[in-house]
Amino acid sequence: MTEPIRITPPFTSADIDKLKAGDNVLITGVIYTARDAAHKRLIALLDKGEKLPFDLKGQVIYYVGPTPAKPGQVIGSAGPTTSGRMDAYTPRLLELGLKATLGKGQRSEEVLDAMKKHKAVYMAAVGGAAALISKCIKKAEIIAYDDLGAEAIRRLEVVDFPAIVVNDSMGGDLFTQGTQKYRKAV
Amino acid sequence: MRTIQTTEIIEKVRKLCINAAYYLEDDVVAAIRSAVKAEESPLGKSSLGQIIENFEIAGKEDLPICQDTGIAVFFVEYGREAHINGPLEEAINEGVRQGYKDGYLRKSVCHPLTRLNTNDNTPAIIHISMTEGDKIKIKLAPKGAGSENMSKLAMLKPADGIDGIKKFVVETVKNAGGNPCPPIIVGVGIGGNFEKCAILSKKALLRHIGSPNPDNALRELEQNLHTAINNLGIGTMGFGGTVTALAVHIEAHPCHIASLPVAVNIQCHASRHKEVII
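For the record, the sequence lines run as chains A and B.
Numbering follows the numbering used here, in which position 1 of the first sequence is assigned residue number 1; successive positions increment by one, without gaps.
Take any residue in the second sequence, count from 1 to its spot, add 1000: that is its number in the numbering used here.
Treat the hints with care, since some could be wrong.
[What the hints assert, rightly or not] Computed far set for chain A versus chain B, every beta-carbon distance over 12 Å:
#1 Arg6
#2 Pro9
#3 Pro10
#4 Thr12
#5 Ser13
#6 Lys18
#7 Phe54
#8 Asp55
#9 Gly58
#10 Lys119
[Stated by the list, open to error] Within a straight-line C-alpha distance of at most 20 Å, the following computed SDA-like cross-link-like pairs (lysine to any residue) qualify:
#11 A/Lys181 - B/Lys1137
#12 B/Lys1137 - B/His1127
#13 A/Lys184 - B/Val1170
In short, the hints are calculated from the structure, not lab data.
Where a beta carbon is used, it is the ideal one built from N, C-alpha and C, also for glycine.
Chain B with its partners taken away, still in its complex shape (with noise of 0.2 Å):
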């Protein structure tokens, strides 16, 4: 057994938060900064040129790339042979509070009804799975609304197979439309439950942009989907264009045999992720 304190956890949740908002990671860079040379529009293309001028002054100045810096939801691997000397909840859930207050980020998390402003951006989501070891491994992929807004779920019939996954799919990114801040990168989760494909959908974003499925009919599902998404037209932020998603990811799992879950979670561009292992 391994101890871990849960002010070390504070102190490394209250960094990643920070630095999730002002500095983006390298994939996304690379994949926005090939977009631009990939898209033929003008507009789409000087509107890219912001969007690069814009995280390099975010990153250079220290300030937050969007000014929706998100719900922060983590992912944590929890290794068995470590012992948190506290609750890991309440240690992840203060060092969103205290990188929210220090990095000026804004607070952005509300009671569903009442709307009332929580004020500290707590509480995060938190996804906790057991592993080998004894260490923890925390990401952070705080999430905006713009994207998450369009982002859909359908239990779709076992009859409708690969066509009705993609018509669902190609149906939800048309819908979005210029709202989710293209260009997108698209998160699919198949099979499972109701539940299962929604955190699939949200895990699938997690990965490094462009790095295909090692399943050989995910990875071409994943090709046709992306090839069929950039055919919309619809372009970086709606204006029209030949890149509307950055990239197209999949993750499956086994359902019940007269299911066929399917969800859609979409990210913006400014695909904020960071992690770190103690």
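If we strip away everything but chain A, and leave its shape as in the complex, we get (with noise of 0.2 Å):
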């Protein structure tokens, strides 16, 4: 396995390219997080021509919809949730300049061409680790849609996040490659 890879937010596109596909990485710096009810939300106010929350440029959204935080913590435990029921409403936010995903799970064929063409990633990190991952959010605030709860919009300070690229910009894809290499023929 790779040594992992230093990443910080916000990217251009040649940050993007550097990343294959079965990179492993460590995020530090400001992300973002939506899932379901939130894309939702955002989808309607870019059809109405509005402002979106927060600019997408250069971001990453991570798909999260965490548990309560006890007293005297940042946040609960916040793991990747499936990335694929965001598929309907990411390609429009990739291009706007949306740079980076992070689930876990498959995209579909959509996400992974409008990946290519904006120049974009998509990351997962490993479901089900949502305690040990809670602790490299070091402070975590509801930017939009409180009414929400686990699915408001949160911008996280993260430090050393670990994520594996899944997708790079140039059609590399681990889970097929991944998949190939350890197939036994039946």
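Two independent chains are provided; combine them into the complex using the hints.
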């Protein structure tokens, strides 16, 4: 396995082109959370021609709905959710400059095509490693849709958040490569 | 007749919800520790290492193992000589309400169309069966959506036979890929009818991991399916690897001469379950 690459958003297209499927990365800096309900509202805003609650340019969206923070905690357990549920919304956000998405599981062909076109990457964190990941989150602040609770949009400050590049901007795909490598003929 | 107070049921269910979310059962811990040894992919090994580190932190610091603390699914065995001094389902739901609040667990239940959250994780899914004795056994298996969403049911033709069952189970796991958080446990229900085989597949997930079905033919099918699934190469989180499933459990029931229902219920590696006998 490769040594981890340290990355900090916001990213330029040149930053993104350096990342390859299978790379181990450690993210430090600001990332934003959004899942099903928040994405629906973001797209509704775009349809009305209104401004989004945060500037997408160069940013990372982390698909997560954390547990409530216990007293003294920055955030509750906060592992990745299934990214595929956001596929319907993602190409539109990539078009507006979103550079990376972070979740678990596979993406649709439409999202993969949009990532190549707009120079973006898709990264996965280890699903279920929610207590461990919460330790990398040093600050969490709700910036929109407080009424959505776990699904509100949060601005997170993270240090050394562990992730794997699954789909790079050149079409590289860890899921396909990894599965082919270990598949055994029946 | 022995009388059981609903207050006792509420308190026991409250604790079950919290304990299931924080502390992984020994059989699951053992299965994941064996998987890290068996896995050939370095990335798979390191990801399983994170999974182990995670449940160790969760257990030590009383934190939810996964942020998806699930919809609460109960299997209740109600001894016919036990008398409860109030409505059982209401008591269970009150226990869920208190447990999810007091344990700082995520409330993940909403109206299917409006998507409005009930904000207390109720109603729970409750299956009740009658049994002998004067006790009540309550088994809780909170279920996350990542793996539940990848589950499938097929009404096969009798002509499809064992090969058809194998094909359907393996295809379901293959299509799920990394979505359900592998290494997974695969619960398979065979026979019964439409709803019976779904319940059987869920019940199969509650078996002690790796405990074989006592029936020879079913045990052999479990082993064949386990090998075929691991041969897919999906691995931990779909990153590629030799361990895709920790176990395959099958439960079967007689069915109509014209039917062959098969249900595949997929469970993520964070297989949380706890039980209490009152």
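Looking at the structure, which of the earlier hints fail to hold?
Result: hint 11 breaks, nothing else.
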